[in-house]
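Here's the letter readout for the chains.
Number of protein chains: 2
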Amino acid sequence: MAMEYQSYIPFWDRLTADQQERIGEVIRYQKVKKGTFIHDSEADCLGLVVVRSGQLRAYMLSEDGREITISRLLEYDVTLLSASCAMPDMQFDVMIEAEKDSEFWSIPACLFKNLSDESLAVSNYSRNLLSNNYSELMWLMEQIMWKSFDKRLAEFLLEEVRLEDSPVLQITHERIANHMGTAREVVTRMLRYFQSEGLVRLTRGSIEIVSEEKLEKLR
Amino acid sequence: MAMEYQSYIPFWDRLTADQQERIGEVIRYQKVKKGTFIHDSEADCLGLVVVRSGQLRAYMLSEDGREITISRLLEYDVTLLSASCAMPDMQFDVMIEAEKDSEFWSIPACLFKNLSDESLAVSNYSRNLLSNNYSELMWLMEQIMWKSFDKRLAEFLLEEVRLEDSPVLQITHERIANHMGTAREVVTRMLRYFQSEGLVRLTRGSIEIVSEEKLEKLR
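Read top to bottom, the protein sequences are chains A and B.
In this text, residue positions in the first sequence follow my numbering: the first is 37, and each later residue adds one.
In this text, residue positions in the second sequence follow my numbering: the first is 37, and each later residue adds one.
Hints in this document: simulated from the structure, not taken from any laboratory.
Remember, predicted model here, so these are calculated numbers, not experimental data.
Just so you know, not all the hints are guaranteed correct.
To be verified - The calculated EDC-like cross-link candidates involving lysine to aspartate or glutamate, where the alpha carbons are at most 16 Å apart (straight line), are: (1) A:253 to A:221; (2) B:250 to B:210; (3) B:70 to B:154; (4) A:187 to A:100; (5) B:70 to B:99; (6) B:183 to A:191; (7) A:183 to B:103; (8) A:183 to B:99; (9) A:187 to A:233; (10) B:183 to A:99; (11) A:183 to B:100; (12) B:183 to A:233; (13) A:250 to A:186; (14) A:149 to A:186; (15) B:136 to B:196; (16) A:69 to A:135; (17) B:253 to B:195; (18) A:253 to A:200.
Given only the sequences and the hints, what does the whole structure look like? Please build it.
In structure tokens, the structure reads:
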């Protein structure tokens, strides 16, 4: 297991033997339970995170405790959001938590910064990752700015069905509100409307998707 | 004039003579009047833009014509937002217009992409620029998500005073709404409230800042 991270690091084959060795010396493997906080940009700087299994969630946190999900990371995904201290001008607060039992590796921020500065392959890789992240953030902002909440919620529920591979979602309204950057009441009101329209069925602690087609149409 | 762009290109001194020559062959100088649209990501891909003088504004445009300002570019500023076609996964619609009479150079996207791929200096530069842009966008999103509109408007007015170097702003409420991604009525209502509190004085077509201190306090 200790030696298999190579196939999860997208730029591995383009590193020199020396660079590979430096990563091997400090790369850290972690196995965490669902619900574990793995990164708090105010408190630490984990470095580049490479997901082996499970599901991580990166989110913004407001001063008064409100949340909005920025991105979700699955197997083979890599994120720089936990390495913001290695980037110039990356000053923002991002938290990362495990949404499912997860395994991941982390490459310390300072080593990753050094590799990016000295290796064209790593620099190009992180440039592409950043441009991808930027594009995702623009998309999210467009959603928040211009898209009505019913469409956003329909999209969120369909994404959850895909991630959970099940039409029955074990998720609270509070939790959905935290993903979407809104208040619980807003989510509850819209879910009740969805139920009256025959899109979902609400039970204690779960949401059953009754008609994916209708949700798709709404999206 | 044709030869002075060198001092405006931050990574110029770290290019090879050949790379400098390739830029010299295709770099384009433009002088535009206030109000000119210089980039529409749906229609074209201008490339890397380097501002010589004036003021440019990059903004998102919704399908139904609503706007929000993403960033403003002054002398010596460089932007990749007009070179999104050269970035993988950079799929979003950004417009750029001249807010004042402006002069700028553009380096075609494909050349800039090639330089980024082959030169560690250029790759590192655009990586840093992207991480800066990402951070700015996160900041903007935090403002939109968590900050009340009165604070955002106070901040916008103070920024305008700084950019215009004058306490009297020749700007319409509609224009402010376009910067802030909201409706004109919302801006008008808040400005009237600011006037009643002695922060600004409203006249036809202009807004006079009466008390910068009170605005500062609000921010």
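Hint-by-hint comparison with the structure:
Pair hint residue 253 of chain A plus residue 221 of chain A does not hold up; C-alpha atoms about 24 Å apart against a cutoff of 16 Å. In summary, the hint linking residue 250 of chain B to residue 210 of chain B is not supported, as the alpha carbons are separated by about 24 Å, beyond the 16 Å threshold. Restraint check: the Cα-Cα separation between residue 70 of chain B and residue 154 of chain B comes to about 36 Å, which exceeds 16 Å; the hinted pair is violated. Between the alpha carbons of residue 187 of chain A and residue 100 of chain A the distance comes to roughly 27 Å, so the proposed pair goes past 16 Å and is violated.
Restraint check for residue 70 of chain B and residue 99 of chain B: not satisfied, since their Cα atoms lie roughly 24 Å apart, outside the 16 Å limit. Distance hint between residue 183 of chain B and residue 191 of chain A is unfulfilled; the C-alpha atoms sit about 25 Å from each other, more than 16 Å. A distance of roughly 13 Å separates the Cα atoms of residue 183 of chain A and residue 103 of chain B; the hinted pair therefore holds under the 16 Å criterion. For the suggested pair residue 183 of chain A and residue 99 of chain B, the alpha carbons sit about 10 Å apart, so the restraint of at most 16 Å is met.
Between the alpha carbons of residue 187 of chain A and residue 233 of chain A the distance comes to roughly 14 Å, so the proposed pair stays at or under 16 Å and holds. With a C-alpha separation of about 10 Å, the suggested pairing of residue 183 of chain B with residue 99 of chain A holds against the 16 Å cut-off. Taking the CA atoms of residue 183 of chain A and residue 100 of chain B, the gap is about 11 Å. The hint holds against a cut of 16 Å. Note on residue 183 of chain B and residue 233 of chain A: the hinted pairing is violated, with a Cα-Cα distance of about 34 Å set against a maximum of 16 Å.
The hinted pair formed by residue 250 of chain A and residue 186 of chain A meets the criterion: a straight-line CA distance of about 12 Å does not exceed 16 Å. Under the criterion of a C-alpha separation no larger than 16 Å, the hint pairing residue 149 of chain A with residue 186 of chain A is inconsistent with the structure, at around 41 Å. Straight-line distance between C-alpha atoms of residue 136 of chain B and residue 196 of chain B comes to about 13 Å, which keeps the hinted pair within the 16 Å bound. A threshold of 16 Å between alpha carbons decides the hint, and for residue 69 of chain A with residue 135 of chain A the separation of about 9 Å falls inside it, so the pair holds.
Simply put, residue 253 of chain B and residue 195 of chain B have alpha-carbon atoms about 14 Å apart, close enough for the 16 Å limit, and the pair holds. Note on residue 253 of chain A and residue 200 of chain A: the hinted pairing is violated, with a Cα-Cα distance of about 21 Å set against a maximum of 16 Å.
Hints 1, 2, 3, 4, 5, 6, 12, 14 and 18 from the list above are not met by this structure, while the remaining hints are.
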